[in-house]
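Student: Chains as they are written, first to last, in this note's numbering: chain A, 97 to 211; chain B, 18 to 131.
Everything labelled a hint here was simulated from the structure, so no lab data went into it.
Quick caveat: nothing in here was measured; it's all calculated off a predicted structure.
Glycine included, C-beta positions come from ideal geometry on N, C-alpha and C.
Watch out, some of these pointers could steer you wrong.
One side only, chain B facing chain A, incomplete, derived with CB under 7 Å [unchecked claim]:
(1) Asp71
(2) Lys75
(3) Phe121
SDA-like cross-link-like pairs, simulated, lysine to any residue; straight-line CA separation at most 20 Å [what the hints assert, rightly or not]:
(4) A/Lys167 / B/Lys118
(5) B/Lys118 / A/Gly154
(6) B/Lys118 / A/Pro171
(7) A/Lys179 / A/Ile147
(8) B/Lys66 / A/Gly138
(9) B/Lys86 / A/Asn197
(10) B/Lys118 / A/Val210
(11) B/Lys66 / A/Asn197
(12) A/Lys105 / B/Asn58
(13) A/Lys166 / A/His125
Chain by chain, the residues:
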Amino acid sequence: DGGITQSPKYLFRKEGQNVTLSCEQNLNHDAMYWYRQDPGQGLRLIYYSQIVNDFQKGDIAEGYSVSREKKESFPLTVTSAQKNPTAFYLCASSRQGSSYNSPLHFGNGTRLTVT
Amino acid sequence: AQSVAQPEDQVNVAEGNPLTVKCTYSVSGNPYLFWYVQYPNRGLQFLLKYITGDNLVKGSYGFEAEFNKSQTSFHLKKPSALVSDSALYFCAVRLNTNAGKSTFGDGTTLTVKP
Chain A
97 DGGITQSPKY LFRKEGQNVT LSCEQNLNHD AMYWYRQDPG QGLRLIYYSQ
147 IVNDFQKGDI AEGYSVSREK KESFPLTVTS AQKNPTAFYL CASSRQGSSY
197 NSPLHFGNGT RLTVT
Chain B
18 AQSVAQPEDQ VNVAEGNPLT VKCTYSVSGN PYLFWYVQYP NRGLQFLLKY
68 ITGDNLVKGS YGFEAEFNKS QTSFHLKKPS ALVSDSALYF CAVRLNTNAG
118 KSTFGDGTTL TVKP
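Could you build the full structure based on these sequences and the hints that come with them?
Tutor: Structure (structure tokens):
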């Protein structure tokens, strides 16, 4: 079955360490997104990519970095510059272009805890 | 700029009763509107969408939503709630511009009591 795989499901890190969250999709979608979810705050867009080797900052990009070297993969690095990294991170993908009416497909998330 | 408001943090209904989860939006242009559901420690799942045409949209698991352009609303409804409908519900808006970015409401927790 096609879908989005995020790994690991749970991640624990010490403050000051960088950490990379994996996101892989086999839906052949052009666009991929990273969202951060905090209780009571809905989803906030971190970065998005509409095509391989290109990505743009979302609303809360500071302290994060991404790469898009392959269509299937969009890893997110949470750097030590991110002041409050503990959160639930969601990766999503969608068809693009004239299909902005397509829904997002989500992975099952990575819960990051930094102490 | 586009924004979505879900005015109720929490909605409680009894099993078998109808449910409504409210959503209003603000955009410049014609929006695509979506509802998603999230169960604990899982990603969001797509329920239904409005693109154009009939204002009443039917989706998964017996849910439907009514688009009202004059009130800029897109309320989620179900005629008879189930305990298994208890979850976190998100309304989202997408435009043909702005790189098709989605904007989400803050979510509404639906609790259906037996």
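Student: Confirm or reject each hint.
Tutor: Here's how the hints hold up against the structure:
no.: 1; hint: Asp71; result: violated, 15 Å
no.: 2; hint: Lys75; result: violated, 15 Å
no.: 3; hint: Phe121; result: holds, 4 Å
no.: 4; hint: A/Lys167 / B/Lys118; result: holds, 18 Å
no.: 5; hint: B/Lys118 / A/Gly154; result: holds, 9 Å
no.: 6; hint: B/Lys118 / A/Pro171; result: holds, 19 Å
no.: 7; hint: A/Lys179 / A/Ile147; result: violated, 29 Å
no.: 8; hint: B/Lys66 / A/Gly138; result: holds, 19 Å
no.: 9; hint: B/Lys86 / A/Asn197; result: holds, 17 Å
no.: 10; hint: B/Lys118 / A/Val210; result: violated, 29 Å
no.: 11; hint: B/Lys66 / A/Asn197; result: holds, 8 Å
no.: 12; hint: A/Lys105 / B/Asn58; result: holds, 9 Å
no.: 13; hint: A/Lys166 / A/His125; result: holds, 11 Å
Violated hints, in rising order: 1, 2, 7, 10; the structure is consistent with all others.
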